[in-house]
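> One-letter residues, chain by chain:
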Amino acid sequence: MPGQIQESALTRIPRPRESAFALGLRRILRAPSSRVALAILATIVLIGLLAPFISPYDPAAQPDVVALKSLAPSLAHPFGTDPYSRDVLSRVIYGARLSLAIGLLSTLVSLTLGVAYGAIAGYAGGVADAFMMRVLDAFLAIPRLLLLLGILVAWPQLSIGALILFLGLTGWFGLSRIVRGQVLALKHAEFVTAAQALGASRRRILVRHLLPNLISPIVVAATVGVAHVIVLEAGLSYLGIGVPQPLASWGNIIQDGADQVAALWWMSLFPGLFMVLTVMTLNILGEALRDAHDRR
Amino acid sequence: MLPYFARRLAQAAVIVAFVAAISFALIHLAPGDPFSAVMDNPNVSESVRQTLRAQYGLDKPLPEQFARYVGSLARGDLGWSFSHDRPVLDVLATALPNTLLLMGVALVGSFSLGILVALIQVARRGSATDHALSGVTLLLFSMPEFWFAILALLAFTYWLPIFPVGGAVDAVMHDYMGLGARIGDRLRHLTLPALTLTVLAAGGVARYQRAALLEVLPADYIRTARLKGLTEREILRRHALRNALLPTISLIGLSFPALLTGAFFIEKIFAWPGMGLAVVSAISSRDYPLVVGGVIIGSIMVTLGSLIADVLYAWADPRIRAH
Amino acid sequence: MTPPPPLLSIRDLRTYFYTEAGVARAADGVSFDIGAGETVGIVGESGCGKSVTALSILRLIQPPGRIEPGSRIEFEGRDIVTLGDEEIRDIRGNRISMIFQEPMSALNPVFTVGDQVAEVARVHAGMSKRDAWDRAVEMLALTGIPDAQERAKQYPHQLSGGMRQRVLIAMALMMKPALVIADEPTTALDVTIQAQILELLVDLQKKIGTSILMITHDLGVIAETTSRVIVMYAGEIVEQAAVDELFARPHHPYTEGLMHSMPHIGHDQERLNVIPGTVPAPTEWPKGCRFRERCPYSWDLCEREHPPLYQVGAGHVSRCHLAIEPERRNSPHAPLVVEEGVAAA
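Residue numbers (this note's numbering), protein chains in the order written: chain Y, -13 to 282; chain C, 110 to 432; chain W, 36 to 380.
The hints are simulated quantities; they were obtained by calculation from the structure and are not laboratory data.
Don't take each hint at face value.
[Unchecked claim] Some chain C residues judged to face chain Y by a derived CB distance under 10 Å, without partners named:
1) 252
2) 253
3) 267
4) 370
Ideal Cβ placement from N, Cα and C applies to all residues, glycine included.
Work the whole structure out from these sequences, hints included.
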């Protein structure tokens, strides 16, 4: 019928409105669990940001390797000291700074790669798309840790930058799938043809229609992604191939106390607690974001 | 069903081929020579160097190296582990069954436990129990595996010395024990690592299954079941679960990467002699071929697992099976 | 001779839903009887409360809805509203069954059709799997499914819509219930299949002797299958009469509107007759007569006083003040609510 817009296109891809996203955000923050999670996460982020100001000691300082080494928690050292007499609390605070930074930056790399790869594959279509997806399947078949092990063992002296890069290079697979799906659906949507018929440029279509629909899955992927990387980096540091010594990351601190896990229990407990707290709050927020998007 | 199975098998083969390519790329993209540790080591015998040169064609052009590499992989030759002074395949083949045992127990255990918890949560949705369990599963899901394992180790071998500290068997006494005692010894050593991995994985399963159940409950056929006079319990267990289990079967395939990763850390911490421990030790000794070998075997395992799960799903869903 | 007591007797049923938007009084004081072996129809638009009434009979209302205290649903000497859980489960599928609109989704996709029908007998008659299965196949054959033995082993997705509905009918009749509630049983089916299913229902009813409560928005279905009709609007009964009487002499303006909006083959019509306006929101039923704003005859009394059910004929009641001022029917006016751009019929 002339003039009638196809129902299917409209229902499959809702016309994006900036306000809908802001509305969703507000709805998320209404739930008490999300608010608490956000508050805790913000606190930890703040701790990381203000590390140089709030850290009681220099995290690398080894004041007295004989008298002050491996002390249990006390008033002077609330989280105890490590075998090199460094203050664990300070190292945990700086660890927050480092681990969060690594998480954020590598996730940024992943997001960029994921969106780019998925968009290209979806847009190209046909054989190119099929090939790109097969390559993706192959990467997905290798567990991320294994892939990182394979890479990191070959590079013995790794800088933080390189670590971030490799973490980012291994974390974009899932998102690219989602992006590709959206691009494919958009390619066949009727209103894109209509917009093109009206003279809209490709770029305008991309910006006005594709991007808003991608914001939600990207934000969710980012939140969950940072959580994964934090755990992964800690694991790698624990194995000795993550953040190089003597820098302080949560995983490193645990590794320092790994030889005497029982005697130096505070070296495992406190960084771990911070990790769990950070990851839990990220998961809660990620889930809330996902629910808000689905309910749309 | 058979054509579906054949298709998936072919897909898996292609994936494994790609994995080989990626491993090859890993070996050769690394700065410096990953084999320098071997090649320059005066203690390594000439025959080993010959083997390496022959297998990897270290002096030949890249494409030829790749061809040789794929050829040797196809023959099952994964290279030489110089930290163990044995073929890589040998080392991993000995260690793999232990990892499979650990993962197998954890797979069955975590899914059973997870599904049970989800059922309890849904049967009492909205109650304090439901909320408490949600918190617990979230905690487990967010926990770094190695940290949880450390805590478990501390708690149950040190503070409450119930279980042995590590290993698969008692290093000293095992060979002198009778059959029953030996089985008991093995079980005692298996329990803590398996339990740790199980509980960790169960968190994710419970959350997934709970969501699947809640999605199924408003369905029309659930209303029909209610109309027939079934109790809420029967409805949940017989009608809802059967449908909500289908996505969980997919989850089995998706769990393999996480289970394998978790197993790696748990094996290190509990000194469980599986593939994970072998690879992790290889890291410190820079035994590169062993690490890459582990990557390949691990990827194959994951791919096979995903394949089996897909086939299982196709069998379980009558809508697919009938075609 | 006193007439036999009704099989089902509903008195002042009120089912309210407590939502964020307010309290939706979906069923607001519904009262009627169903006799043994009778087929009673409830007709009305969506949102009038007919489905809610049906669900209330089997206590299938879930939060945030509930059946208000003071409602009474008497069945076989017991009040369904106050029964315990075990007793109500004893009635469901056994003494009272129900079939729905969407045969597509009403069957569990992972069990065979035969299993699902047999389940009724296993639950209520404690039959063994074997016996229940045999009985199920019998029932399926009775509902006109060809090759019932083989069909029973199939899954729902392998059957057509009409056949699935037959399966659901078989399921409903397994225990030879005293009452079958059919909620829009043919709406989702092809027109040709519709006729078959209705015929089947009428046929089975005669064979087994159940009463049927037929809920529909389709007057054609009412005409074909029922002996008595209830018209519902805005959560209330607005008219009730024997089917012939209702079609011959509709009293309530809403019923009139419904009758006139049915297009007839052979009549030339330029536009469909519609009842202008829409059903008010169940959270805010208007004061006085709820149909007032869409009614062509309303006057000030209709706003002041909520009309009771007046007796307007033998076995014929109507909730309309025209019963006491019938001459107003001669001076219709434009309804108070008129859609923009659409002139009142």
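> State for each hint whether it applies.
We went through each hint and held it up to the structure:
1. 252: holds, 6 Å
2. 253: Where the cut-off is 10 Å and the nearest Cβ of chain Y is about 5 Å from residue 253 of chain C, the hint holds.
3. 267: Hint on residue 267 of chain C: holds, closest Cβ of chain Y at ~5 Å, below 10 Å.
4. 370: Hint on residue 370 of chain C: holds, closest Cβ of chain Y at ~4 Å, below 10 Å.
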